[in-house]
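Dock chain B against chain A, hints included.
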Amino acid sequence: MNFDEALAAFDPAMGLEVHVELNTATKMFCGCPTEFGAEPNTQTCPTCLGLPGSLPVVNGKGVESAIRIGLALNCSIAEWCRFARKNYFYPDMPKNFQTSQYDEPIAFDGFLDVELADGEVVRVEIERAHMEEDTGKSTHVGGSTGRIHGADYSLVDYNRAGIPLIEIVTRPILGTRERAPEVAKAYVAQLREILLGLGVSDVRMEQGSMRCDVNLSLAPKDSGLLGTRTETKNVNSLRSVERAVRFEISRHAEILSGGGSILQETRHFHEDTGITTSGREKSDAEDYRYFPEPDLVPIAPSREWVEQLRSELPEPPRVRRARLQEAWGFSDLEMRDTVGAGALGLVEETIAAGAAPQAARKWWLGELARRANEDGVEVSALPITPADVAGVQALVDAKTINDKLAREVFEGVLAGEGTPADVVAKRGLAMVSDDGALAEAVATAIAANPDVADKIREGKVAAAGALIGEVMKLMRGKADAARVRELILESLT
Amino acid sequence: MITRSAAQLAAALESGETTSAQVTEAFLNRIGAVDGDVHAFLQVDSDGAMAAAAASDARRAAGAPASALDGVPIAVKDVLATQGIATTCGSKILQGWVPPYDATVVARLKAAGLPILGKTNMDEFAMGSSTEHSAYGPTRNPWDLDRIPGGSGGGSAAAIAAFEAPLAIGSDTGGSIRQPGAVTGTVGVKPTYGGVSRYGLIAMANSLDQAGPVTGSVLDAALLHEVIGGHDPLDSTSINAPATGFVEAAKQGANGDLSGVKIGVITELGGEGYQAGVLARFNESLEVMVAAGAQIVEVSCPSFVHALAAYYLIMPSEASSNLARFDAMRYGLRVTPDGDPSAEDVMRATRDAGFGDEVKRRIILGTYALSSGYYDAYYGSAQKVRTLISRDFEAAFAQADVLVSPTAPTTAFKLGEKLDDPLSMYLNDIATIPANLAGVPGMSLPCGLADEDNLPAGFQILAPAMQDARLYRVGAALESLLTKQWGGRLLDRVPELGGAR
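Quick mapping for you: the protein sequence lines, in order, are chains A and B.
First residue of the first sequence: 0, per numbering that gives the first Met the number 0; consecutive thereafter.
First residue of the second sequence: 0, per numbering that gives the first Met the number 0; consecutive thereafter.
The following block holds chain B by itself, in its conformation from the complex:
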């Protein structure tokens, strides 16, 4: 049961072969069995999930399912506000905070009938590429428990790879959906900026953040994307267009035909700094696509070399302001120093105790970048780079329908390996950041295991803004071609965990 895709589970529910209660219980049992090793979850809401499953079964019995995914359970990254369920963002400073409201994404999941299994682990405030920056301990990669599951959404990706959930929600500011997808052999989609409501998504960098699907297959991602996407009047940056056509595109792509599709390979995202095994799987995937009728063109995006630098000015600038609200005055952690402390003393002590080092690092960076006298040189210049990157994308999309690259330069590294080397950690997102800066959608899907370590490598597809359907068309085609070549899904090769597979 637990290794089935969400689409298969939905079909089994539809046919009456199983019930949401049975499916949900199976995943809760799986979580109970393996999450001690994986630590994908920060909170498991068994009661809430089972109640939602019962309600789903009742709807279905009445012949009125709420959506195609009604009854299929889901895990939600702890960055989204969930009414009545503690939401921490992986931070001590929000320990014990129970939101009085649901994020729009969560509200849509509930309205569509998906039982929420729990909240998944993440780097504190989504800052990191390994989930090691969670204040509640790291998540481990189901492919190798000594390795990182990527980040910041390592919890959601690991939950999929460990079959603890058939679907999950992630959030992607610089690659936090796609890079964990790459290193766990799962599928992750960062929608067009504005395609999915950010209301209730606890902001790291508002102009870059986007929630999206984390799944085991391209079709599952398309199904989930249609549930969570679309206009939300509560988010001013939400695009006023329906989220439709993704499932159709995925189904079309699944026939493996890529005739007439122009695929642009980004020169700047490959070569030096990329692991040989990752590049090998990437190039083989290109060959598979050519064989299926695709045309490959090489495109250059010269400004992308500045993307990481621009990102590390814009993101911390916005984050430094966003995180100012965590001051112990209204909710969350409160540390009261001895003596007769002023409000400022309480704020200072709480923020000192409540934020981890990476968060403090970025607050300091951002505060500095926005300071009078430095603003133009840092934040201002970074915004100009951002414009140049958007222009590079425009020029590239004039030559190709989609752009492709390896998702991450390497496979999963060992826990602790890069913890003391922030710059090396930041480089994990070098191929994913440009999409966030330009607001274009991106997908990562597995393209095989690297020869040197037998760990998953990710293939990234990028499309023009509002053309998310192209990701599903091309992604589903590549997925079906590779699955055929491998004789099964990559996920089926995940080592057994804790005995219960």
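Only chain A is shown next, with the shape it has when bound in the complex:
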């Protein structure tokens, strides 16, 4: 059933669970490093391996990050809370329980106002944000699915075990109707933006440092009921969040309108095909036998500390965007494009380094976005700094180079040839400012194109363009076109 038909008959309800790996230097309950990409099982100790007798000790920085995230999401911060054990067996869980939080999360009852592309704002209520540890990472070798069933054997890397995680859980998001997929994507995108601003996580979905589980259910239209939900995992990009919601809405609707019922289960999203497939069945009867972690003492963040952290929070992204748009005089479209390209901070820093707002926007969203796209990386990952971009613009403003030469300068900077000034010097890109040399070129051009020159003499000033092109060719592009035009007109009128 297609998406529109589905919505004609049903109301979707969503719940989003986002796991964020904190970027603390050490793990949540031991001193092991958290660096991504190390040799498997080299960043482990008795505690994160769950060896008999080992004990956890809470990472204070992790608690601080959790509180800051809670505050940024407008949550209340618990005056007293505990960790709890979530008991279940799985080979990548060293203790066969996960140290998490249960009915006493560190942050609760918050919200995030999510702005959609057309400027509409949807408030997403946050039920809780709690601290927990990550599990090890299983790799299932052999078999066709990469999943545990059918695998020849499995490998487990415990480097990830014990990495601090914050799980952020929304309340059911209702009434978003056909915008549900868009709301889900925008929520995750803006959550990501907030977390980036807080500097608490790398929030790289492709590396798994931010993971989203999508809970979705349908109920008959206008019934006000909640249907049976599925939980879709493995949703590893913003685009996938949107696709997964869209797919599940259609799939649920298909089953429900055929008289079937939804199986409460975990589903896996497939990036390549955009569909979800059944994972393990997950009934409400699954019993994690939570109880307070007896190896850890309760966490009671003082109100003074919480208020201090609140006072040090960065400006919320929406507020910041509005302030910057006003200051830069960008249109809504220009602003949206800038944010969408992930270039807001880059543009801001470029302006701070002296460039005019429109110039900063032009380079980051034009030439540099094109390069990033070619290289398949985020624009922020290009090897060029906002100071470099401002430097290029300064050279343009000083008429040392023109826009065309600027592109060559960018090429040089990206190739590691040094600062914009270095590149101009090394490649000899500075424009010729000597009127004598220019006048000579102008005379040559006029002599070679007498018919064009006649037109200009007759008052057809627009024809100057052809002569300017000729002069620029003679100067190998290293001339200020405006000055060339002046010289042409001077000599012909």
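Be aware that a few hints might be false.
What the hints assert, rightly or not - Under the rule of at most 27 Å between Cα atoms (straight-line distance), these lysine-lysine pairs were calculated in the DSSO-like manner:
#1 B:Lys383 - A:Lys85
#2 A:Lys361 - A:Lys403
#3 B:Lys359 - B:Lys91
#4 B:Lys413 - B:Lys359
#5 A:Lys472 - A:Lys425
#6 B:Lys359 - A:Lys85
Keep in mind that the hints were calculated from the coordinates and are not lab data.
Okay, now just chain B, sitting in the frame of chain A:
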């Protein structure tokens, strides 16, 4: 040599009368001679102990002993992780596991220069009161080899009573240091919860477990307590206070003067269910203390009658979760069923083969108690009882400096006698469990032999949290008064073993 107290051995080392190598060798020889009968040890590390002894002698020769007990050997319950020495917790499931790290207690023993003789036997994962639940066979009581040495730390207590070690470490979750102390005529101390690091102590019930000294005298326990106690940043529940003043308190108590000390006798821990001979020795001890100037008050702790029930919900709940990690995936036993087994199949087969019946019983109990729908009724209620017990202690300590009771209701029973009757086995800990639930410190010391069987009876002293020094003050006083009355230590009356005494 081997019958000397640790304090005497330390003095002999200090004076140069003997060396750590000689002392350590003497105990290793004793182990060789009698442990075939007693089976106090699961592992004997002769090479490691002799190397540590040599290092100790070198330090002393250089005039730089590491501590008061430098060179005095010790036995360690197999519940503590020892780097390079197999650690099994008395279980098949950990057979062959050699820890890559030392428990903090073990690290402190090593830093203080005590050669580690080996690892002592215990009920599997410290679950039991007789050491019969060890997967490696029972330990026998040196007073009567047909009887149990208590448990779970029967190995450590028997090692002291059999003069196989002058000092030992035990762990006490519901009485596993004190009850073996009582039935073997030795001294056992469960420190204040958080007073001794639990890092490397393989957990049965994290909120109750505490490692502590097992020795032949109160002073020896105080000396050892100061070595192993004190704050450990690796244990979040560790109290940030130094472990000092215990030796001083024991020395003060040894003068036998109890003037002005108020001793509270707990009404609920005595009377029905307690062996007549045990009660007789307990009451005589009270009289001795009164004669030494103590004032006796009777205190009631009405919630204590629920302590055993609460304990048998909290302990198995925590244990069921703690023991989940033994799944054959990373270390220890692995049993692979025939066919094409999944990871879950391997876990199931390994846990079935690797855990004994008592462990399985408690895992099932705990899993049930934590289950959704039962949690409030079981685990939740038990935690409330725990709060009530703490309040009873507070009220009682408002009336008395220390509280006292018999340590265990009976003397050592015969091997096999209670093996098929878990409830009767659990009752052995009825007087020791309240201290664990409230986190207060407790000591058991011998108070004589029961008339009906000529076997040791234990006297339990309890103090408020962080007031462990009171145990040493009062315990040392009672010990010195009784020793005077008996004309020597009770331990000197242990029957000869295997010829070599």
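Inset, instruction - Starting from the hint list further up, note which numbers the structure goes against and sort them upward. - result: Going through the list in order, the structure violates no hint and respects every one.
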